[in-house]
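Enquirer: 711 is the number that our numbering gives to position 715 of the sequence shown; each next residue is one higher, with no gaps.
No wet-lab data here; the hints were simulated from the structure. Every value quoted in this text rests on a predicted model; they were computed, and no experiment measured them. Some hints could be false.
Using 25 Å as the maximum straight-line C-alpha spacing, the simulated BS3-like pairs for lysine-lysine come out as follows [unchecked claim]:
hint : residue 1 : residue 2
1    : Lys241    : Lys394
2    : Lys195    : Lys177
3    : Lys326    : Lys368
4    : Lys166    : Lys113
5    : Lys394    : Lys195
6    : Lys239    : Lys113
7    : Lys566    : Lys514
8    : Lys847    : Lys813
9    : Lys239    : Lys177
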Amino acid sequence: MLTTKTFFKKNRKGGVMKINREHYLRDDISCGSEICDKCACMGGSTPLDTKSSIPTTIVKGCYYLIPDTNIIMHQLDILEDPMIKNVIILQTVLQEVKNRNIAAYKRLQDLISHPDKHFYIFSNEFHQSTYIEREAGESSNDRNDRAIREATKWYQEHLDSVSNGKNNIKVVLLSDDVTNKQKAEEDGILGFSMNYYIKNLKNATHLLDKLASHEENNHPIGRTLFPEHLSYSEIQKGIKLGKYKQGKFQASRENYLEGRVSVIGADEMVLVVGRENLNRAVNEDIVALEILPEDEWTCPSSIIMENTADEKKEEEVEDEIKKSINKVPKEKRQTTGRIVGIIRQNRRNYCGILQLSDIKEKKTHLFIPANKLIPKIQIRTEQGKELVAQRIIVVIDKWPQYSRFPMGHFVKKLGPIGDKDTENEVLLLEHDVPHSDFSQRVLECLPKLPWIITDEDLKQRQDIRHINICSVDPPGCTDIDDALHCRLLENGNYEVGVHIADVSHFIRPYTALDDEAKHRATTVYLTDQRIDMVPELLSSNLCSLRDDGDRFAFSVIWEMNTNAEIISTKFHKSVIRSKASLTYQEAQSRIDSDSTDELTEGLRRLNNLAKILKKKRIEKGALVLASSEIRFRIDSVTHEPIDVQAKEVRDTNSMVEEFMLLGNIAAAKKIYETFAEFAVLRRHPAPPLSNFKPLIMAAASRGIEMDCTTSKALADSLDNADMGEDNNSNIMLRMMTTRCMMQAVYFCSGTQSESEFVHYGLATAIYTHFTSPIRRYPDILVHRLLALAIGADASYPDLLDKTKLQDICLHCNFRHKMAQDASRTSVNLHTHIFFNEKRCDEEGYILFVRKNAIQVLIPKYGLEGTIYIKKEQSSILVFDDEKYQMKAGDVVLKVFDQVTVQIHIDKSNVQHLRLHLDLVEPKIPGFSVPPVSTENTLEEPPQKKRKTL
């Protein structure tokens, strides 16, 4: 049957077009039920059976569920439970979910494809008996609700007609929409709310905790804690008029009552202070912001305030912050605003622990997220006593005006608090790191073993297996991306080669392997494990440039003179045979030895050229920054840290870095010259001057003037910063500078003007990532573009589509940031394990002085910690907010001062175990603690005590 759909659409000039589309209707679409002989004859699948329905007190026998769109959007955690089966997903609902929330759509697709769930898609929009036209004056939402009711009604009549009284199967419409349920009842349809349905299931009390509450409860009289959010239309109108700004909200790590909004098109972020002004925004929500009048502007509080379990303490500090806002001098005030609405929520599942209510028998408790940037969440659960010792997952449902905390529901438990495996799982989930095993579909894309290089392969590549190529990497590295060589030419110049694993040869576009690599986007390095972007057969074997056989590579070859000036650059696909897989220490030992073999001489040449290249980069304004990096030695049996040390940096580290940078710049230039609109590049935006305020003030407190106007001026200021003390002060200054930087990001060249390509930190006009395709997906895209540029491979549609490339770049930016954060969190986790039963004294340096805390760097371990000043100690230490220093009698504590601190793990809050520091030296009566006795310093605890945190 053929019907015509008519709709109207505005064109670019403002005119209205009438569009007619033919819509084909069929009568041979299967209902999906195993009892229907008629539909079975059509050849359709029959996942709906008579055995999988959960027994309930409100429906006798077998039944099928038809959820409406809002049930899918809000109650997916219920539908994902293994107990829920025999569910019909209407095409109308599926399409609505896809349009409204792509993440929910993907979760729904996973449910549908799961064979044990018995979910079935019914194409009601193409079925002759269930398709309906939209009536005059009817909204699209009302039309879709009517289509869902029509399909439900047809299903019941259809199943009644084919059962012949043998299988009395009921069809149940699940809807939390009061109007929809009322109209369903008028049509004789059996319909329940999700709450009513779950409460009447037998042996399914655990599902009550998973119920999402998305309907507004009755507003408590006289209780309004937050301003009402503006409607979407009001926000959009205000943005057009310039009254409101749009941007991403970023919660403060140091004070949960503060945050900033990065406004689109603005250089400076807008400060937001106080509960009412934050107005229920959650970290990374896209918000609408109103700039406050200048006389209401303020500056970030000097108080470190954590979202603890002590509400009275929180309220006291809140009051103190409110009182201090109006006392801020005008010259210190920053642009300040208030959030008037949420444009797009960035909500996900959160890991954390349950804080039981003080009232016994109460079912409502507070959930404390592991991520300090997320507010506490109020949930209702019947399992409070069972969950209190567990790490659990909770999701936010809503945040009403009258509630101090957002409201959510329990999803699942992960395991005991403190268990190392549980904590690792929390770490991965919190940072959205894909870490499941590679699927069979992905593994089927891998080459069959034994894999060999054929004569046909050699015809298409440069055979350079005779050259003395080697790799230089950290100890234990198995995913070796890059290798190097340098040999003397007859004209006195050097041939220098950077050889990169040819991963794109094995990962072809539009395959399951490519889709998975794109989804993961990066390899994630944790302290005790590595989460690979590609299967191990590639990452540690066929693609890894080990010294155990021939490998495919993508090579960039330069001819250079002795002053590291490039004469020529060539790219080609190659076959190499690495002569040695060296660690940084082994390569350094070769360079420092008396050996004169060709491989060692090549390393010496590379090292000398690298020093010249680095000197030139720095002269152009490239920054040499610092960060606190440590390495753990892990016990092979217990997999727990047994030693910790700061990362060592040798000349060979810098040697490899310089040639990787050179290779990346060469690749960027080549692909941009060839594909001006489609080059995948990496840029590092210059930070706004406001970012440097903490650095400038810290340096000024020690009489040092910082010029941050350009990267060159900043680099010179760092080099010239002489505090007349040891080198640690300059390192800390560079660490502070690192925190002022913007995030470097991938982008497609066709989406930015050329002036935006610059990489601020490296002081280069163009840059990309080419040298690590085993562990970064953007590198694979760059390889494909390079291969196309030199005629070594064919193109495919998505490779020359800037919209799709930019989407991939944005996804990779997110994954890259999450991977970095996960690595840092892993270090923190293992630091807590290492210091679990220890107490020791160590030298440190003051990084920041706050009103109620002193933040300290401990160079020996590369750790940062905080010395907190209790309220009763505030009379001993007086904070000077002009000079950002602390005075206690004759003792003055200021930035970069050397101190002695005592380290141990604070276990008072099991949710956020943290490194606790106390001041030992200088001695301040009533505040400093005595030193630890020598016999207890870093004493190794019994093995059995180290199983959990």
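Enquirer: Against this structure, judge whether each hint is valid.
Expert: To see whether the hints hold, each was checked on the structure:
Distance check on the hinted pair: Lys241 and Lys394 sit about 23 Å apart at the alpha-carbon level, within 25 Å; holds. Taking the CA atoms of Lys195 and Lys177, the gap is about 18 Å. The hint holds against a cut of 25 Å. Simply put, Lys326 and Lys368 have alpha-carbon atoms about 31 Å apart, too far for the 25 Å limit, and the pair is violated. For the given pair, Lys166 sits about 18 Å from Lys113 by alpha-carbon distance, which is consistent with the 25 Å threshold.
Under the criterion of a C-alpha separation no larger than 25 Å, the hint pairing Lys394 with Lys195 is consistent with the structure, at around 21 Å. For the suggested pair Lys239 and Lys113, the alpha carbons sit about 50 Å apart, so the restraint of at most 25 Å is broken. The straight-line distance between the Cα atoms of Lys566 and Lys514 is roughly 28 Å, outside the 25 Å bound, and the hint therefore fails. Only pairs whose Cα atoms come within 25 Å are accepted, and Lys847 paired with Lys813 is rejected, the gap being roughly 31 Å.
The suggested pairing of Lys239 with Lys177 is violated, with an alpha-carbon distance near 41 Å, which exceeds 25 Å.
The structure fails hints 3, 6, 7, 8, 9 (numbered hints given earlier, in ascending order).
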